[in-house]
Every structure is written in C-alpha cells, then in structure tokens.
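Heads up: the protein sequence lines correspond to chains A and B, in order. Numbering of the first sequence is given in the numbering used here, commencing with residue -16 and proceeding in unit increments. Numbering of the second sequence is given in the numbering used here, commencing with residue 7 and proceeding in unit increments.
Be aware that a few hints might be false.
Said to hold, decoys possible - Below, a list of computed lysine-lysine pairs in the DSS-like style, where the Cα atoms sit at most 25 Å apart:
| # | chain 1 | residue 1 | chain 2 | residue 2 |
| --- | --- | --- | --- | --- |
| 1 | B | K84 | A | K50 |
| 2 | A | K25 | B | K63 |
| 3 | A | K92 | A | K50 |
| 4 | A | K25 | B | K84 |
| 5 | A | K25 | B | K48 |
| 6 | A | K39 | B | K63 |
| 7 | B | K63 | B | K84 |
| 8 | B | K84 | A | K(-15) |
| 9 | B | K89 | B | K63 |
| 10 | A | K(-15) | A | K50 |
| 11 | B | K84 | B | K48 |
| 12 | B | K63 | B | K48 |
| 13 | A | K50 | A | K39 |
| 14 | B | K89 | A | K25 |
| 15 | B | K48 | B | K89 |
Simulated from the structure, these hints should not be mistaken for laboratory data.
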Amino acid sequence: QKEVEQNSGPLSVPEGAIASLNCTYSDRGSQSFFWYRQYSGKSPELIMFIYSNGDKEDGRFTAQLNKASQYVSLLIRDSQPSDSATYLCAVNSNAGKSTFGDGTTLTVKP
Amino acid sequence: EPEVTQTPSHQVTQMGQEVILRCVPISNHLYFYWYRQILGQKVEFLVSFYNNEISEKSEIFDDQFSVERPDGSNFTLKIRSTKLEDSAMYFCASTSGDQETQYFGPGTRLLVL
C-alpha cells in the first residue's frame, strides 16, 4: 500500500465547475497535511494546509480532513483554465518529513 | 517576500563526477530538507536537517550523498559519484517548525550523462 495515495487522473472539468481531488494516507500518526500545485518543470507551490478535522476554506479552495478515515481532499470551486496543473497531496510525519502522493493532473477546459 | 533560492538552476555532469547543489533557505527557518523528483515521477524525500545534524534520511540517501550547512546561510547537497539514475530535479525546502509549511526552492535540474 502506498503511503499517500491520490485519485488517479487525469481529471478534466469544464470552466466554472467544481474540481474534487482526493488523497488517503496510511500513517495514523500524521499531523499535518498539505496541498501543492505543480506546473511542469516547476517546484511545488503551496495551496493550502490543514491540521484539524473538518473543513478549511481559502477563497475558491476548500480542504477537508478526516483523520478517522485517513482522508484529505481539496475542492476547487469555479475552476479556471489557470487552475490546470498537477496537484500534490503531502503528509507530514512527526519528524516533519513530507511524503507526497503521485499527484493528480487537472485540466480545466474553457 | 522571502524565498528559498537554489543554484545552479541546471547542472550537466558526467557519470562518476561529484556535484554540489546549493540552497539558501529562508533566513529565520530552522529545518531544512532536500527532495528529488525524477521526470514524470513523484516528489521523494531525501533528507531533513535540524540543529546542524541530519534528523531523518530516506533509503535513497545512501553513502554517496551528504549534506552540509557550511555557514549561516547555505545548505548544500553533495553527490560524490553521480550515477545516471541521479538525473532528476532536486528541491530544497525550509520551514520554521517541523509541522509548519515547507517552502520550496525553484529546484536544480541535474542531468548525469
């Protein structure tokens, strides 16, 4: 079983729709959870972080965490073509090391 | 806004050669990391560094790899004898706390021929 698993892509949504990205993790001791966006050839760029169960909203982005289910998700509302990228889920261990998922490639079609 | 910087942006080297990748973390950060990403694959943890010593390292980080913080600003990754499979993008990251957001540098693309 992968340590961090993301829903297989690619994911394609029309402009203005909601994009839903999912991630599960295996280490129950994980404490912090991050969503990054990565464009081809570039470094990961932080979108959101979440530490506590529940929802966290920031503009068009909402992160959801359910530690009992070991599940974290990212919703992107009113998707824009500029949101097209690969989205990386990362989970931090006690020592602060980030374990990344394979990423989900999102395409938003105009 | 402060940012992590890395040099060089690209490095081409011959197999068996030594390379040093350099990073300048954000100035008040205490935790430093190296990750790598082979083309088309996921970002992989290499090593974390805190209080002038390695705090954790992955299986990838074997005896060919070393890290150093030679002064108050630089954080380096050395690969002693490069292999073809070391070709990847190498990212440095830093953070103020081990559960805080890690800020990534722009990366060094290493190509081993």
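Structure-based check of all given hints:
For the hint linking K84(B) to K50(A), the alpha-carbon distance of about 38 Å lies beyond 25 Å, and the restraint is violated. Distance hint between K25(A) and K63(B) is fulfilled; the C-alpha atoms sit about 24 Å from each other, no more than 25 Å. For the hint pairing K92(A) with K50(A), the CA-to-CA distance comes to about 33 Å; that exceeds 25 Å, so the pair is violated. Distance restraint check for K25(A) and K84(B): the Cα-Cα separation of roughly 22 Å lies within the 25 Å cut-off, and the hinted pair is therefore satisfied.
Distance hint between K25(A) and K48(B) is fulfilled; the C-alpha atoms sit about 13 Å from each other, no more than 25 Å. A distance of roughly 31 Å separates the Cα atoms of K39(A) and K63(B); the hinted pair therefore is violated under the 25 Å criterion. Proximity of K63(B) to K84(B) is assessed by CA-CA distance (about 14 Å); at most 25 Å being required, the pair is judged to hold. A distance of roughly 29 Å separates the Cα atoms of K84(B) and K(-15)(A); the hinted pair therefore is violated under the 25 Å criterion.
Using a Cα cut-off of 25 Å, the hinted pair K89(B) and K63(B) holds, with the two alpha carbons roughly 19 Å apart. Taking the CA atoms of K(-15)(A) and K50(A), the gap is about 17 Å. The hint holds against a cut of 25 Å. A C-alpha spacing of about 21 Å is found between K84(B) and K48(B), which places the hinted pair at or below 25 Å, so the restraint holds. Simply put, K63(B) and K48(B) have alpha-carbon atoms about 17 Å apart, close enough for the 25 Å limit, and the pair holds.
Straight-line distance between C-alpha atoms of K50(A) and K39(A) comes to about 14 Å, which keeps the hinted pair within the 25 Å bound. With a C-alpha separation of about 23 Å, the suggested pairing of K89(B) with K25(A) holds against the 25 Å cut-off. Only pairs whose Cα atoms come within 25 Å are accepted, and K48(B) paired with K89(B) is accepted, the gap being roughly 19 Å.
Violation of the numbered hints given earlier is confined to hints 1, 3, 6, 8; the remaining hints are satisfied by the structure.
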